[in-house]
Amino acid sequence: MTNMKQARNVDPAALQGMTSGMFKFVGVGVLLALIVWRWNDFIAIFVNIMLWTYHGLSHIPFIGASFGLAIILFTILTRVVTWPLASQQMKSTQAMQEMQNDKEWQDIQKKYAKDREKLAQEQMRIYKERGISPFSSCLPMLIQLPLWFAIIQALYRMLPTSPLSLLQLARSIYTWPEKFFPGLSATSLIPINSHFLWMDLSRPEYTLILGFSIPLLVILVGVTSYFQMKLTTPVSTNPNDQSAQMSRTMSVTMPLMYIFMASSFTSGFALYLLTSNLLYIAQYAMMGKVNWSNLLPGGSQKTPPIRKR
Amino acid sequence: MKRLALFSLIALTAVALSACGARSTVISWPGLAADANNAYFANGSQVHAVRLSDGTQSWIYPDKVSTHAYISNPVIAPDGRLLVGSAGTDNSITSLDPATGKENWAAPLVADSHWIASPLVVGDTLYAANNNGSLYAADLATGQIKWTLKLGNSLWSAPTSNGKLIFVASLDHMLYAVDPATQAVAWKVDLGGSSLGAATVSADGSTVYAGSFGKKVAAIDAATGAVRWNAAAADWVWGAPAQDGDTLYAADISGRVYSLGTTHGKNAWPDVRPDGPITASPLMLPDGVLIATESGSIFAYDRTGVESWNLSIGGQIYTTPVATGDLILIAPMKADFQLAAVNSTTHSIVWKFPLK
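Going down the list, the protein sequences come from chains A and B. With my numbering, the residue at position 162 of the first sequence is 145, and numbering never jumps. With my numbering, the residue at position 56 of the second sequence is 329, and numbering never jumps.
This is chain A alone, in the form it adopts within the complex (with noise of 0.2 Å):
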């Protein structure tokens, strides 16, 4: 009964809000079942466009066949394809914690500290206000995942290292495009050239210097990782701010989940991971987002600017 009375008590613009967030979350759940059921034919989707890049740099004098920039290129495309959600969790992010750090939320966070229900009305209400979405910010990780997934695989299927990989790798490759293009046919793209400035792709990478087996790419990885996370979370003044710990948990975290994975896996991917990182900061660069003072030693306690909506 008590449930039934505080149902109707919700703000119906707050739950027209919510159902919306709600009917996106259900769509992005059809579009990863349907993806996690055509799992193959996902992968092959990136294993042929990173095989038309590498095909097509093969005609470009002085550059020639090379899978490294055939990576960094399908990095640069997939960044592009993907701007328009990256973008989205950025202005989210930023719009959230601007909330953080806005004196009328700070003082509803102070009025019902002890009445977490009336809190989440609010909370609710602001978010309606401000035209925050809180699934906007989580629903493009949620689509980068598999995307994650589907590349280590495409890079793997790629570099194949036994018959039975090149079997995988030969049956990925679709058969229409050479009837316009011979140059894209199985026959003609295999072997795939792995050699990559110091690099073979298909292995982890280790520089010799001094006598050391030094893992450079992994080291590059971690560094350009702890930079993106310094430079793309914004500063929080709200001591009541739960996600600005998590923000701080994160860009230590992040960076060390970085470095394993990087080390886990071939250099082709680590090269991916660095260029994604580095291109991340571009994007967050480009919308006058990037907060350079994070870098600097207790740059992170000065306060930003916060735009009033």
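Treat the hints with care, as some may be off.
[What the hints assert, rightly or not] Ranges of calculated distance between the beta carbons of each label pair, as one might list FRET restraints:
| id | chain 1 | residue 1 | chain 2 | residue 2 | range |
| --- | --- | --- | --- | --- | --- |
| 1 | B | Ala496 | A | Leu60 | 47 to 55 Å |
| 2 | B | Asp327 | A | Ile197 | 51 to 59 Å |
| 3 | B | Gly549 | A | Ile202 | 43 to 51 Å |
| 4 | A | Leu60 | B | Gly549 | 30 to 38 Å |
| 5 | B | Arg576 | A | Lys162 | 50 to 58 Å |
| 6 | A | Thr158 | B | Thr577 | 30 to 38 Å |
| 7 | A | Gly12 | B | Lys607 | 30 to 38 Å |
| 8 | B | Lys607 | A | Arg99 | 50 to 58 Å |
| 9 | A | Met237 | B | Thr415 | 49 to 57 Å |
[As the list claims (entries may be wrong)] Here are some, though not all, of the chain A residues that point toward chain B, as calculated from beta-carbon distances under 8 Å:
| id | residue |
| --- | --- |
| 10 | Ala16 |
| 11 | Leu17 |
| 12 | Thr144 |
| 13 | Leu150 |
| 14 | Ala153 |
| 15 | Thr170 |
| 16 | His178 |
[Unchecked claim] Over the 12 Å line for every Cβ pair with chain B, so calculated as not near, a few chain A residues:
| id | residue |
| --- | --- |
| 17 | Gln72 |
| 18 | Met79 |
| 19 | Arg186 |
Hint data in this document are derived by calculation from the structure and do not stem from the laboratory. Just so it is clear, CB atoms sit at the ideal spot from N, CA and C, and this is done for glycine as well.
For this one, chain A is given, so just place chain B on it according to the hints.
Same frame as chain A, now just chain B:
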């Protein structure tokens, strides 16, 4: 608490991603060989010796499962010893006593990349083609490297010889003829596509036959490298062609079998198709040829292309079957056994390994 949950979530994601993509070992179909007593099959991280008499295990090498990956066909050298190459983390070839599975050499022959092709023994020298594109010549008695020669892209095809030259096909579309006397390339010819199957040398040593992903089988003059003929195939030719008198048998990934005249390359079997794609080499039998398919079956044909018999083995067969005595050995993948022995007279399965 929330930090702990977040950290756990990130760690779980990292582990999931690792499990999704990382492979510490190379995975492929098994390698297979046999002598009069045992079948030797390289599967995963170990090489097994299985008694032909009853299908029981004689020995296993190495004793413990590791990150080594044995996928190339073991080779029984003229001195009776067994050569096995690994494609895992150590990339070594070693010589084993076929009776006990004990190592013969003080140290294995180690390269910086995988051994996918099985080695060739000529006299007291073994020739091994590595994934790094180099051909290694080593002393058969000790495993010490005599010389190496960089040829091209990855070498996944086993070397063959006519006694004068060593023939190695490469993924870079080339068939190389190497003169061991000069340790240099005598000639090379473009096959039109990568080649995984070993080049087949004619009985008189004058001609080399090689199938390729160029959808053809080529006959090449062994002395000069001049192409004598090309026979078109419907799709990629994976396995090495098999010669029987004036006929050359080959099969392709579309599932077609070809019977080519060795002098002209014309196909006498216009439309012989077993039940699936074929990567294994044809196996010559006293009364015809045996074909193994990815669908898990074996088909025997007489010399006119008429099917004599067939048998469903199970799993997926990519490895070339081996005949020894009155047994035909089959090593399928994705079956509930790793090795099956088929009686070549009764066409029935005699035993399966491991035994149930």
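At the C-beta level, are B/Arg576 and A/Lys162 separated by a distance inside 50 to 58 Å? violated (38 Å)
In this structure, is the beta-carbon distance linking B/Ala496 and A/Leu60 contained in 47 to 55 Å? 50 Å Cβ-Cβ, so the 47 to 55 Å window holds.
30 to 38 Å was suggested as the range; check whether the CB atoms of A/Thr158 and B/Thr577 agree with it. holds (33 Å)
Return holds or violated for the Cβ distance of B/Gly549 and A/Ile202 against the range 43 to 51 Å. holds (48 Å)
Assertion that A/Arg186 lies outside the chain B interface [Cβ separation over 12 Å]: Its Cβ does come within 12 Å of chain B, the nearest being 9 Å, so this is violated.
Taking the Cβ atom of B/Lys607 and the Cβ atom of A/Arg99, is their distance within the range 50 to 58 Å? holds (54 Å)
Can we keep the A/Leu17 interface hint, with Cβ of chain B closer than 8 Å? With Cβ-Cβ at 18 Å, over 8 Å, it is violated.
Minimum Cβ distance from A/Ala153 to chain B below 8 Å? A/Ala153 check passes; min Cβ-Cβ to chain B is 7 Å, inside 8 Å.
A/Gln72 and chain B, when compared Cβ to Cβ, separated by more than 12 Å: At roughly 17 Å from the nearest Cβ of chain B, A/Gln72 sits farther out than 12 Å, so the non-interface label holds.
May I ask you to test the interface hint for A/His178 with respect to chain B, counting a Cβ-Cβ separation under 8 Å as satisfied? violated (10 Å)
Status of A/Met79, Cβ more than 12 Å from any chain B Cβ: holds (16 Å)
Does the hinted range 30 to 38 Å hold for A/Gly12 and B/Lys607 at CB? holds (32 Å)
Checked against the numbered hints listed earlier, the structure breaks hints 5, 10, 11, 16, 19; every other hint is satisfied.
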